[in-house]
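Participant: These protein sequence lines map, in sequence, to chains A, B and C. Last residue of the first sequence: 658 (the numbering used here), numbering continuous. Last residue of the second sequence: 1450 (the numbering used here), numbering continuous. Last residue of the third sequence: 2370 (the numbering used here), numbering continuous.
Keep in mind the hints are simulated off the structure, nothing from the lab. A hint or two may mislead.
[As the list claims (entries may be wrong)] In the DSS-like style, the derived pairs of lysine-lysine whose C-alpha atoms are separated by at most 30 Å in a straight line are:
| # | chain 1 | residue 1 | chain 2 | residue 2 |
| --- | --- | --- | --- | --- |
| 1 | C | K2060 | C | K2022 |
| 2 | B | K1188 | B | K1244 |
| 3 | A | K397 | C | K2266 |
| 4 | C | K2290 | C | K2017 |
| 5 | C | K2290 | A | K397 |
| 6 | A | K381 | C | K2020 |
| 7 | A | K83 | A | K355 |
| 8 | C | K2017 | A | K395 |
| 9 | A | K330 | C | K2205 |
| 10 | C | K2020 | A | K355 |
Fair warning: this is a prediction, and the values are worked out from it, not measured in the lab.
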Amino acid sequence: MAALVSGSLVAADFWSAHVEPVLKEHCVECHSPTRSKGRLDLSTFQNALRGGERGAGFVPGRPDESPLYQVLKPGADPHMPPKRQLSDEHIAVIRTGIEKLAANPAAAPAAGPGGTNLAMATPSPARKSAWVPPAGMPMPAVIDGFLERGWKARKVRPAAPADDATWLRRIHLDLVGRIPTEDEIAAFQRLPARHRRETVVDGLLAHPDHARHLREVFDVLWMGRPTAKTETQRRDHGWSEFLEAAFRENRRWDALVRDLIVARPARPAERGLVQFLYERQNNPQAMAEAVAPLVFGVQIGCAQCHDHMVAREIKQAHYWGMVAAFNRSKNVDSEAGPGLAESAIGGFVSFANLKKESQQARLVFFNDRRVDEPWPADGGKEVDGPEKYRVVPPKGKERPPAPSEPTFSRRQALADAVTRDNPLLARAAVNRVWGLLMGRGLVHPVDLMDSQHPASHPELLDGLARDFERSGYDVRRLIRNVVRSRAYQLDSRPASGKPPADEAFARALEKPLSAEQLARAWVQATGPWILPDKASASTSVKAPTVDASSLQRALVRDFPDLCTPEYNATLQQAMFLSNSPVLEPLLRPYPGNLAQRLKGLPDDRARVREAFRAILGRSPDREELQAGVDHLREHPGRGGRSQFLWALLTGAEFQVNH
Amino acid sequence: MMPLLDPNGTVHGMAGATCGQPDHVLHRRKFLTGLGAAGAVSLGSWAGLFSLPAFAQQARRTAKRCILLWLCGAPSQFETWDPKPGRISAGPLGSIPTKLPGVHFGGLMSRCATIADQLAVVRCMKTDQNEHLQGINLLNRGAAPRPPFVRPVLGSVLAQQLGHLDNPVPNFILLDPCPEGNEFKEFKAGNWAGWLGAQYGPVRVGGDYRIENVLRQADLSAEDHASRNALRRFLTRKYENERKSAAAASQNAVFERVKGLMSCADLFDLEKLPAKDRERYGPGAFAQHALQARHLVENGAPFVMVANGMPWDSHVFHNEIYQMLTPELDNVIFQLITDLEERGLLDSTLVVAMGEFGRTPWLNQARGRDHYCKAWSMMMAGCGIKRGVVVGGTDADGVDVDGKAFDEKNLFATIFTALGIDPHALYDLGDLPGFRRVEDRAEPIREVLA
Amino acid sequence: MADQDSKSPTSPPVEPKLTKAKDIALPSAVLALEATPDGSTLFAACLDGSVQRVDTGSGKAVEIGRHGSYASGVALLPGGRRLVSSGYDGVVRWIDLESGREVRSVQAHRFWSWDLAGSPDGRWVASVTGQYRAGSYRYDPAPGTEPSVRVYDAVSGALRHSWDFRPPVQAVAFSPDGRQVAAGNLMGEVAVWDLESGRIVSQWKTDDLTSWGIIKSHHFLGGVFALEFTPDGQRLYACGMGPMRDPMAGNGVQRWQSFDWRTGQKLDQTHEGESGQGLMEALAFHPDGKHFVMAGRLFQGTWNLALFDAATGRNRFSIDAHHRITDARFSADGRRLFLAKARQQELKNGRWTDFGLLEIHTVTGLGTKT
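Pulled out of the complex, with its shape left as it was, chain A reads as follows:
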């Protein structure tokens, strides 16, 4: 950034201040990352310069030779926009913007204002085409290749690789939702140096805790934090079980999403999957709003009352189209268990906005797919009948043997339209998984993959998405590829003074621990908690004085967030950590636990080292050792030791996955 040349800054500044608003208003509806007619994306400076399938759109300094300028003139053929004419003023602005590009055609306006899409470098038409990874290159190397080129373009240096202790803690938190046990640390150190990390990764991916961790994460992401009632329901209906099994078996992501939308479990063991829709309580709008981020990576709630005001490609018709797909469905408690009955008729609705008259809600979806369905003629009445069903609904109000299923199911039609031949599905999944592992999506926030939020590395996102599709939507493989990249294994300390922008992924990004991870980590770090009548070689047997589940419940209350776009510690959290009685039992000595061990150590130096090792997984440096020793000396006894533990457990280093 220090190398910004004033000329190119002026060009980029002008573009973002004056040209971009015009493009956003008139062009981006069809030329955005999610809808790129002619493979042309005009949403950012860089993308516009890159051009589309017909090559570069703008020749710096030469508007009259720029194809995308030529098409704006009245009478041009082809003419853009297709049905409108930009005003002379707007055309002049674009002209000036192109002229200004001549000032420094070779410079890349790196993280300039307005443009965050910086994967590619120079806008000069003479530059070679973008890097294409050689065929057969393993995905981790592909990831690194794209990121490295991004570092060069941004002129940032990547952080150093993370050391083993840091990496081990990180990989455990990311894959199994907890910090490594003593045994796991020791086992790691015993492994031969070569391929030891890959061995650990494969072991963790196969570990039952991996499925549990993914289940915990996606349960919150898809269903939100439960109330007391829904917590019970999710368990009783077998949702948690289903979700965990799906991850344990590494079920194909597209099939999993399809199953959630269709909500007709093929086997009794999978009955829990209906909870995804069931919990929305017969609200088709809630169902649509839950499904859209999953299959398109966008939030469509804003388009309920009008076309999205800013990301114009999201239309009201898309919102209501998806709602219509669900508005024949209803919760039912059949003999086969809770499920979603679907009617064969009805659900032909219109929607209104504040400006126009009403329009029909057809089955049209954000990915431009539509399902043709005959609409009853005006005033015509639909007649229901058993011939329209595969599973016929009951005549009266008695409990049906199974939820009714029509021969034409809108839910099935939607599922097919959005999980087959829908490239957005893979992109959304990749972005989500990348975000979970790397601390930030390639599009940020993760579920706003619309024209207003360009990807930081669009070719990488494309590449990962295509690979994900071709692999059969293999989530485990995707995770494995990401964590095996060098970029994932960077340290979180930036290379030199100024930290690079997060979207460069030039260092490991911090991920605050979730309530579940924190509860587990606290119990584990301060343990082992061994019941008095047996000594266990493995970890975490609950002690009577430490109630891990109430600890977790207390934490969920004050630390409910998961993967927020912005991390904001709250005062309430600090008050909780400072004064809540919930932590105190962890800090008190108990046979075999950390506090007890500290008591038995010969001197304060040894105590400090042991506390650091058990809690932070490393040795203290000279300064930390001195600070710890000073503290213990000034506060001798049990109180001082427990305060010392408190400081380590509530410090950022423990609270954060770095």
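Fit chains B and C to the supplied structure of chain A, relying on the hints for placement.
Facilitator: Chains B and C alone, transformed into the frame defined by chain A:
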């Protein structure tokens, strides 16, 4: 930390920075020996060196403060400050004459009408963001976004300028009980303090956002409570500096407030306010929090923002909502201004009431008014503001501004100038582009400045 | 079970239908409407404060009265000589239709008149008011500062009853025999008074027509927007919209509920699957006593005007009439339905376009009243 340079070169806001090795060591030792008696003494802060009672008292007298009544959803100017009696765009609330000759307010603003000679109303606001999220950001940050830089919101800037870092009362408080709120919720989840740093973010209270866990554990002495937090802070600071960690900065920022909060937690308890005052302001959440805001600023909070979800967004149900909201706002402003005046605090307290834009002169087909940023109104009173002035106007139906229009930059320039803060001072952010508090040398609205 | 609608016992059942025959534009949105029994003349209470007399044949409109704010109610007294109107100025006016002059003006309320009704026997006129003010942290309505239900002698204009009922009271209706009057408010509370004794006969609350805005607006919204007794006087119908987390969008379920007004027991409501979303503001019974219409705004669904079978509660016919409907009345012979509508207000080239509409529909497939 991002120090701000005043034109005369004084550097502020450096409290707690690790400026260099010796300071750092001294800093740590002081903490470890428990020198945290009357709140965390930040040795890097010049104000902290003078924590004498006399000084504190004087500081209180000269201290400035600001209350922002954030009317989220966008209040209709026709029903509040710029009615159009007799016109088709008038709406059902009518209009009433005020203490200022020739000036009318909306029909349900009867109390404000009696103190119109204390208020400054700007009727010629014209901005360019007509959607909630963009408008809320624009009117809270005072400028269009320039990613990747995040301009701090008004409260953060004033927290830094008007507050001091060893203030037990948080320098920026948001009172809003509504956990939801669509776009406002999104805004609340964002980065408020921006380039000023997490310690200038808000403390949020109201409704279920309570200050809990206020009491120290029984078996923990005050000294031990402080010393363990000092150790935590030392370690987290180290972590923060090594990694340039925003997460750690955010955590340290909130922990800094714990001790102060414990000592002043009662300020946040509505039940502790006198019943008569509570009755006077009105029972609704917004009114109660406005009273609480007054209480907080009287007791050392430099900036309090009062909101209650987004109730002003009357696309549908316009009359039905405004019949209730407008009188509440009217009474709140009346009580606040008269209370502050009575207590001799109005000259040093700026009260701002506004939303993210205004509403359409016409009714839509759903019986409501839609968003309108081309011509809208807002109100200010108190510190540095002229009493009893109405600036600018709109045409007969309120479609366009008549004459000179002001935007968010002019507004922020006015707020800063009124509070004695240089609006055009440069932020020193290293080798990044120079940002000023108010860009483009935008002028304050001279007509409202005292 | 199909109704035998036709008069002739041998003809097959005919499906009822409403067909738009005509619309008449008015300068300003129509908030309430009345019709002469023969349907030749309509009276419209408009947003600009005017009360208009409209000839349905020619479509010509003449202003016959004006309020200081929105005109919100009209009631035609039997005999056709007097029209009573009310408005947001709190005033109730009597207009002599022959001379076109105002006969009497009464400041009934300090706040707005939300609704006006006249008893079918011509004895009474009632106007309801009430301002929603914050009454608690959660914005429960504060008690009223003036009586919210006022009943006047329709002939002399004398005030006969003043009742306190939790404000805002948004709807009022007389029983067909003129002995009771019912009122409904924001909270879904309904009360019925006896007009002779002046005492409350029954009172109940329905939670199905009111919302507390969890998402954007932590206060109440909705309530009872219209009330109608059945022509046989047995039941009372109320309409509004169902509760939502974000009621400000006006997206609650389109809903009517019927009650045994003596006990407050809920008897029926819009059947599932037969309605969409949107606020319902108008109820009107067909003179055959067996059907009624409900109308309002379409947020999502297929209709904003529907005809229901009063016995079964089923939706017999529905149509998307495109604009917000504020009021509805049948002609005395039941052959026509009159609708009051509000459109989008627009400013085009400095001129405000007409944004009020009266619509006339022909009614087929229902029995006519003799």
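Participant: Of the hints stated earlier, which fail here?
Facilitator: When the structure is compared with the hints, none of them turns out to be violated.
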